[in-house]
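Enquirer: Sequence:
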Amino acid sequence: MVGGVPKARLREAAASLPVARVVVDVSLPHLDRPFDYLVTEAQSASAVPGVRVRVRFAGQLVDAIVLERTERSDHGGRLSFLERVLGAEPVLSADVAALAREVADRWAGTLADVVRLAVPPRHAAAEKRAVRLPGAPVDPPVPGALSRYAGGAAFLDEVRSAAPRRSWMMLPGDWAGEIAAAVQATLAAERGALVVVPDARDVRRVDDALDRLLGPGQHVALTADLGRAERYRRFLAVSRGEVRAVVGTRAAVWAPVRRLGLAVIWDDGDDLHAEPRAPYPHAREVAALRAHRAGAGLLIAGYAVTAEAAELCENGWMTRLEPAVQARPRAVPAIRAAGNDEELADDPAARVARLPSLAWRTARDALRHGPVLVQVPRRGYQPGLACAHCRATAHCPTCGGPLARPALDHAPVCRWCGVTAAVWRCTVCGGSECRAVVVGVRRTAEELGRAFPSVPVRTSGGGAVIDAVSDHPTLVIATPGAEPSAETGYAAAILLDGWALLARPDLRAGEEALRRWLGAAALVRPSEEGGRVVVVAPGELRPVQALVRWRPGWHADRELDDRRTLHLPPVARLAAVTGPPSAVAEVMGALELPRGAEVLGPVPLPRASATSPEVERMLIRVPRREGAALAATLKAAQAGRSARKALGVVKVEIDPAVIG
DNA sequence: TTAACTGGAAAA
DNA sequence: TTTCCAGTTAAC
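Take our numbering: the final residue in the first sequence is number 660, and no numbers are missing along the way.
Simulated from the structure, these hints should not be mistaken for laboratory data. All the pointers check out, no bait thrown in.
Simulated DEER-style distance windows between Cβ atoms: (1) Ala643 with Arg201: 42 to 48 Å; (2) Ala45 with Arg624: 43 to 49 Å; (3) Pro276 with Ala162: 31 to 37 Å; (4) Arg259 with Ala130: 20 to 26 Å; (5) Asp467 with Arg54: 41 to 47 Å; (6) His292 with Val325: 28 to 34 Å; (7) Gly589 with Val325: 55 to 61 Å; (8) Ser432 with Gly589: 36 to 42 Å.
Just so we're clear, the structure is a prediction, and the values are computed from it rather than from any experiment. From the three backbone atoms N, C-alpha and C, an ideal C-beta is built for every residue, glycine too.
Turn these sequences into a full structure, and let the hints steer you where they fit.
Expert: Following this line, the structure appears as structure tokens:
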């Protein structure tokens with residue numbers, strides 16, 4: 001106060017565009033709209049769209065980002081001034097802001113939450129560095145790049161000026177190098193590129209491949225473990241246009257690459273691509289929306305193919321980029337299945353490990369020529385129920401959800417809709433009995449070492465992940481995703497997790513098992529060079545067939561058919577509403593359900609401890625064209641609760657990756 | 001942080 | 001019924 005007059009009254013609004021429309025860093029759903037503030041003449045030059053500011057919001061000082069500058073405001077009341085402008089660095093470009101709005105709406109979340117995912121925290125010191133010039137022009141890829149794929153060369157050609165979208169079914173080999181070639185083609189055409197991979201190890205691989213093809217200064221790697229200063233420094237290198245290519249983990253899908261020409265997702269079935277923070281968007285879906293908005297190309301690349309990628313091909317939005325006819329047999333190892341009924345190995349130690357004879361012989365022979373990979377499941381797989389006869393996963397006869405037995409002698413109960421399946425029949429073989437599948441493979445892995453006493457054993461997984469192994473005969477025991485690469489490929493791989501992976505109470509069990517098997521099998525030498533793979537699982541199961549024949553696309557199409565009959569994503573849209581029973585009931589009561597909506601539940605969720613509060617879940621599924629309406633009504637229900645400060649937090653997830 | 005609103009109590 | 005005041009609410 002000066003002489004009894006509030007300070008604000010003394011401030012003069014800027015002569016041109018005096019209003020800043022901002023997004024405040026507040027995640028309450030009922031406040032998810034822009035707010036207008038006045039800009040002083042002194043602030044006017046720096047408070048441009050994308051710049052961070054501090055504003056007084058309901059008395060509190062909060063962070064905000066300027067969305068636009070306007071001549072006037074629609075707000076009826078008096079406007080406050082911006083409290084402060086934080087630097088003059090635009091960190092939220094207009095395209096990323098528009099994408100963030102679309103993502104918030106698609107996942108029933110708030111813009112503030114999505115912006116928090118998209119823009120890293122500020123580190124003022126990093127902004128002081130002078131802007132560098134962009135890197136030198138990039139040469140196009142060498143002729144013959146991507147020649148292992150039918151239409152690979154055409155894709156590289158198209159990416160220069162158009163927006164080619166492909167589900168890329170990759171062959172064993174240098175996947176990082178092949179992706180880097182696609183990036184190179186994009187940069188050679190003076191457009192930007194973005195590569196999103198599941199974890200830091202894959203970032204390193206693509207980073208190295210880009211270094212080799214592009215030379216220094218053309219790209220940056222973005223990972224969560226960089227530390228604030230370095231992360232922000234690299235983010236600025238992208239937003240300032242100093243580099244045109246980015247590789248990173250899921251948050252990198254938001255990197256403000258200029259003139260985006262290509263977005264790449266590697267291994268989109270990996271659940272690390274699903275953002276664990278609200279509103280839980282999936283990197284593949286964000287990349288697809290972004291490519292669509294930007295008129296950029298999209299590659300959904302992997303050894304495996306997800307049902308989501310298959311759906312995008314089926315509806316004509318993407319096409320497949322598949323191995324050329326002659327390339328597949330040259331790249332793929334010889335793969336066989338060894339069912340549980342098969343004879344066990346003669347060797348006593350191998351018998352203890354319950355290793356089928358075929359697996360034991362394959363490993364023993366291969367160890368004469370190089371390292372052998374043994375894939376074992378991670379700890380903590382919750383086995384579900386499967387047909388006692390054919391081992392197919394047991395589904396609820398009412399809604400198609402996974403079944404579990406609440407108590408030993410209890411009839412199976414659906415984990416989604418809660419219905420007791422007193423009479424159950426297997427949809428595959430017609431069997432009438434289902435039982436839990438025992439997971440005992442972890443011990444098997446430990447015992448394996450004793451089955452091959454003369455060979456060194458190395459393990460990779462959990463906290464201790466090995467990057468690569470030499471070509472010396474070694475038994476390498478690894479959990480899925482932690483398999484080291486071998487210098488010239490493994491001589492063989494034994495995939496031990498058949499039962500455990502397929503018996504997960506998760507409708508993606510088959511897809512996930514195949515993805516992990518393909519990932520391990522891709523590290524093995526081609527059959528021409530003696531590479532062998534044995535998967536310990538019944539050969540008649542669909543994922544096993546797809547592995548043996550290396551037909552991930554075929555599997556994805558069948559998987560998509562299943563999703564259609566079960567009314568599941570990506571064919572339907574599904575929402576999970578989780579929270580204390582009264583709060584969930586409140587949300588459900590406030591919904592205006594779209595046409596064709598099915599409501600499943602409530603189902604009580606297992607509690608962390610006896611003292612933790614009761615939590616239940618409802619599932620809602622709607623035809624996909626009603627997805628936007630479902631998200632909108634869920635958002636409105638949440639906004640109503642936050643506006644009246646209702647007690648209890650309700651979590652809303654759209655198309656969750658796993659429905660536990 | 002603060003203006004606007006709410007509801008209860010005192011004054012008339 | 002009106003006025004005053006303390007506590008609460010919205011949020012530019």
